[in-house]
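Novice: Here is how the chains run, residue by residue.
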Amino acid sequence: MTMVHTPLLLLPLALAAAAAIAAGFLRPRLAAFVGCGAAAAGFAAYLAMAGGVAEGVRATAPLLAVPTLGIGGGLALDGLALIFALLITGIGALVFLYSADYLGADRRLGRLSVMLLVFMLAMLGAVTADDIVLLFVFWEMTSLASFFLVGFNHTERGARQAALQALLVTGAGGLALLAGLLLVAGAAGTTSISGIIAARDAVLAAPTAVPAMLLVILGCFTKSAQVPFHFWLPNAMAAPTPVSAYLHSATMVKLGIYLLARFNPVYQDEVLWQTILTWFGLVTSATGAVLALRETDLKRVLAYTTITGLGTLTLLIGVAPAEAATAAMTFLVVHALYKAALFLVAGVVDHETGARDASRLGGLGRAMPLTALAACLAALSMAGLPPFVGFVAKELVYAVKLDGESSALLVGVGFLVNASTVAIAGVLSLRLFFGTRQPTPRAPHDPGLAMLAGPILLAGLGLIAGSMPGLLGDRLVGPAAAAMLGRPADVHLSLWHGPSVLLALSIATVAAGMAIFAAWGRIVPGMRRAAIVDVAGPAALYERGLARLLEIAAGTTRAIQHGSLRGYLRLLFAVAALATLATLLLRDGLRLPAFDAAGLDARALILLGLPVGAAAAALAPTVFVAILAMGLVGFTTAALFLVFGAPDVAFTQFAVETLLVVIFAAAIRYLPIRRRGYRQRRERVADATIAVGTGLAVTLALLAVLGTPYDSRLSDWFGDQSLAAAHGRNVVNVILVDFRALDTLGEITVLAIAAFAVTALLRPIPKDQTR
Amino acid sequence: MEILFAIAIGTVVTASVYLFLSRDLLRGLLGFILFGTAVNLAILLAGRVGPMRPPLVDAAVLGAGAANPLPQALILTAIVIGFGLTAFALILTLTAHREFGTTSVEELAEAETPKVPANTAAAATRREAA
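Chains as they are written, first to last, in the numbering used here: chain S, 1 to 771; chain C, 772 to 901.
Hints were generated in silico from the structure; no laboratory data involved.
Quick reminder that beta carbons are idealized off the backbone N, C-alpha and C, glycines included.
Everything hinted at is true.
Computed footprint of chain C on chain S, listed as stretches where at least three residues anywhere in the stretch have a Cβ under 8 Å from a Cβ of chain C: (1) 566-572; (2) 597-611; (3) 659-670; (4) 689-703.
The following block holds chain C by itself, in its conformation from the complex (with noise of 0.2 Å):
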């Protein structure tokens, strides 16, 4: 079981680093995101996977055969940060795509450069103007 579960997560890192590399910032966004589960399924199994049994307590201490809940505790943090991450780096996405119409990285990378110093003049003589 732990073996398939090892080459498993190598195909969900191996196919999110294959879009991470994409020239689409919309697809390298999804990349991170199945980045970040391989990340928590690889937590998981670390600490050794087996038990169906969730990790409460009946008796005064938890007892043997029960899940082991500290890479529980690690993973729901990471899954609510990682959202937290992805629904910012979207927005970001989405503005860029706004500001630039493009969200290939390389046109956002030549769309930035040249464009700063005629913004910064345009806003000074709209400051002028107003």
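This is chain S alone, in the form it adopts within the complex (with noise of 0.2 Å):
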């Protein structure tokens, strides 16, 4: 394979990033223009490079290196990412054109633009990443920009609720994705892509193989919604209809598949990555296919159906046989069609019938025969019918699945399924176009260039593509099968195969379809008596957790929040005590200095005068009392540092003693200081037990720093110094004005401003401003 650096590669997230700055100040309508040139301009770079990738050239662009932190960055486009990024480009310039007229003169068309190109940016470089760290920051950004454009009608609460559930669900899987990630970089030694791939041996081999793909699995499992994830992509149907279109059914929700086919040239031959991505895809698609019948709001049906898609796409990747990579990536470009297609025609029936009701609406192709074509075209491709391109799809899908294993189940429920989608698709074409008239809230007609252009185009394409299957098997779909495979691909791809069982399934299949069609109309009702799905499923247990952890948090807040300061300092001064007598019991740290006679004078008496001060300030009845008890141990401390050879430190604290006294005796005229203290016996026993730790825990700690020997390098230094170097012959004063001279400018400047801030407070407040 040959490398070929391109700055042309850069060029649509450029674009994009560009586009997306310049719609912030254009008007609104303009916007989805600039927003629509970029994404052609894009589409028509890529589609420059499509020579190239098929004859099997790698074109590569750096992007955001840090080699300090052993990141490569850049971009890489093979097969697969371009399969993604023409899908990206294409259907998002004909959505930005959509948009234009679909939200019409409303100025949150602005809006809309900026955060679809946002979106477009983080699609791009996600798929053309071909570095881990790159890909996991694009891929995070692709969830954000779904928040908001989910919640883009964030006056509605339904709206915000589904937002924040889709961010949780893929915010989750996202984290569980980058830890995955990194245990495969780790074990690979690099963070690009290709390397990781390069190095498959290394990331089988390493002893977190299995985690990290769990992980890197649960990761796209929530991004492309499949069951247990599946619930929040209906609920994203809040978003206005483009964004559905582009996001939830097109590109977004393939993500999580298109992470799962770049990873698979590692795990392809995993029973593991086989089993799980084969049975959840099966189960996934199932799910969707009989949710589908319990909706009649155009949208949700579509979403239900999307998730059929996305599942069928999962368990594509699992089976085994080769061709299933070739089945996968031709499903990929028909579902994105047909399904893009049939969400932009249930934007134009919404629009303008003003009703999206499937079991309400009916006839409307007389009044819009354009929007009724482009429907019928696209539901023949979801059907699956010749000469669509949705049939060479089917036919391939249900190849792979005869050929593998358990090709029973899977043909069965393959089956199932593929009928409940041909009936869906008669409810999207005939049901809503054809046969009697009803009425609506509005009188519709055919919607301009705008809106029809998306649509029609879509629904066309998979009718060219159809005829000329040759076409996307060898410039598209096989360089993409054989980036999924990690090897060459053999693809053919062909409308006829001439009369076989594949045949005889189709016809099966149609037939089994318009049967579930024609009692479409009993079957709904009945399927939404079936209330179990909305007590019992997955959605119900996100609320119920969600609610959890939100009683859990207040709970939690209420608890250590609680806004009483006496808790609090219980706490702190509880922590405090107990950390330290723990450290002290770990660590051998008790011990106690030898008891020392002769070093014992008439200076331990003056100690008695802490013990004696100290209890009677605490057990005073009244604070008047107590303040006479401080000043007792204030004093007793004053003579202490007088005998222990302190006398500088000894007046000072004789003046602040002093001072003290005076300023409570100013005080004192304000404050209730006879007032006794009133707590509980019960709060005693607790506050005394935090008080008596708390003191034991000094009395230790002092007592072990005792028993350790001193360090007097630095205080002989001072006192080596003091004469020498500053002329002083007190030490003390020299350290406070000399040596550390800033520190006391700084006690200076502490005392100056809570001089100012006594002044200020005890200024007399005029009666009437008293608050």
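With the hints as a guide, bring both chains together as one complex.
Specialist: The structure is reproduced here in structure tokens:
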């Protein structure tokens, strides 16, 4: 495989970024057209590279490398990235065009355009990133963009909830993905994706190989709405329809599929990988197919069929046969084309009639013939009828299922899923546009060109690609399947295989689907009555989990941030005491210095003043007595300083004690100093326990300190330098005003600020201004 | 001597914490002052006690037999800062008592919360009137 460095690969991203910034300053309608232009130019750029990619050229470009952290960064374009990039830019261009008319005069069109451009940038970055760090950043960017786009109508409670739900589910999956990617990168020794694929053996041999794989799968499953995370996707339909068409059917929800396909060369031979993807994919597709028959809202019906499609794609990545890669990539394109078209049609119907309940719509074909044409073309592809490309894809999927293990179950469930898909396709085309005309809130007619271009082009492409399957196979599907397999793929798409088992299956599917369609009006109410889905489904679990989480958060806040100063102080002292005691105990710090009877002299008597004064202060009946007792402690302390060789400190202590007495005397007139302490007996015991514990901790810590030798270097240095360097004989004074003069300046400043604050607070407040 | 000193400091800490945990803001303030005193004494003790002679230089350098100058310098700073903080805390207590008519910690906590929006509204009304 040849590599080509080309800045062309950066162009679509740069255009999207520039357009996003520009769109913020433009008139809303112009912003949408700028977005359309950026997407179309990006599409052209990727198309220009498509020829090279089909010949096996790998285009690369540098982006955001951080060599010091071992992050190589960089973009790379291979077949897999190309197929996604073309879908993102191609459908993107049509969606921008569509939005311009869909929101029309709505001033929020500008905001929508900016967010869509940010999303497009993130998607393009994610699918062309050749570095897991880059990939992850873009991946999360798409989740954030989705959050804002789902919550676009943020004044509606439902939209906000749906946005949060999508963000939480995909965000939690994103965290799992990050952990998985880091484990994989650690095992491979590189963050480069091509490097990881090359280091396949190291990745699989690592002890964390299985957890890493499971975490990556988890991240992909949340993003691509696989069971049991599928519930966020239908709720995300709170977004405007162009957003649903773009993010939640054609591109973003396929990002998980993209990453699974990207890592498929590493894991494809692992039985666990195959098993998980096959069965979760099968269950997801069946779940979507069944739940789609419970809905009548057009967008929710489409959302569930999207889940079906995503499940089928996951299944196709999981099943073993090599043709599965071809089938997966073909179905990816097919699904994106018809599903985006049908979403846009649903938006047109909603926009023009003011209703989107399939059970109340009908016979619109006469009023809006072009819309009906687009819907029918897309629905025929969805139903998998020849000569549409959907037929090619369906045949391939059936062939893969017949070929693999447990084929009976795969084909059996697949048959039912496809029959349901055919029925839904019938509802979206025949029921909506033919039959008896139902009254609608607005008189319908075909929309303008901007809104018609998307559905018609996308649906028409389904027909064109179906009649020229060879081109699709050689140019797009082949290179993509090769990237997914890690080796060249033998791809031959054709429309007609002649009479075979596959053809018989197809015919039976369509027949069964038409039968379901005929009974649709009766099936849906019946399915709706099965309330068990609403009660026991993962969505209900999510609701309960979220409610419980919020309760726990509120409870924790109440317990920790209770607002009681006493509570905070109790906790503070208890933790400080316990931590000190525990450390002393565990680290063997309990030691008693030798009792030196000779060192004991009359000064020990002064020490007695401390416990006496302290006990008196603590047990004083009134504050007034406590102040007096505290004075005793203060003056005892001053005396201790005096007799232990610290006359300077003693004088300061005397001065401060005296000043405190003066200040308290001044304040006493205004304060309830005769008030008695009022603690309950239980509180007294608890407080006393904490107090004694703290005192004990301090004493034991001091004894531990005294038990260790004293490092006198600093004291000696000051003693030596006092006269020599600072020409002072009083070492304490020299330290304060010379060696540590700046600290003393700071101290003076603090005192000055305190004085200012006191003055300000003491200012008399006029009566009428008191709060 | 040192052991007795350490025990004496422990009693001061005990008393100060017990006062700290009181419901009364004033007692809490006294606990704060006592705690500061205990910490100052602890610094003195950690620098070792014994000599009565102050750290004054007679000859060229500070000879043996004098008290340790380093803790003294630290304590001097601590006393002054502690005094400033005490004065400020006392004035805050005074102000709180003047505003809310109580020095009870619990009553103050209750007094703070609900009054704020009412006051803002009242202030807005006054501004309009003025």
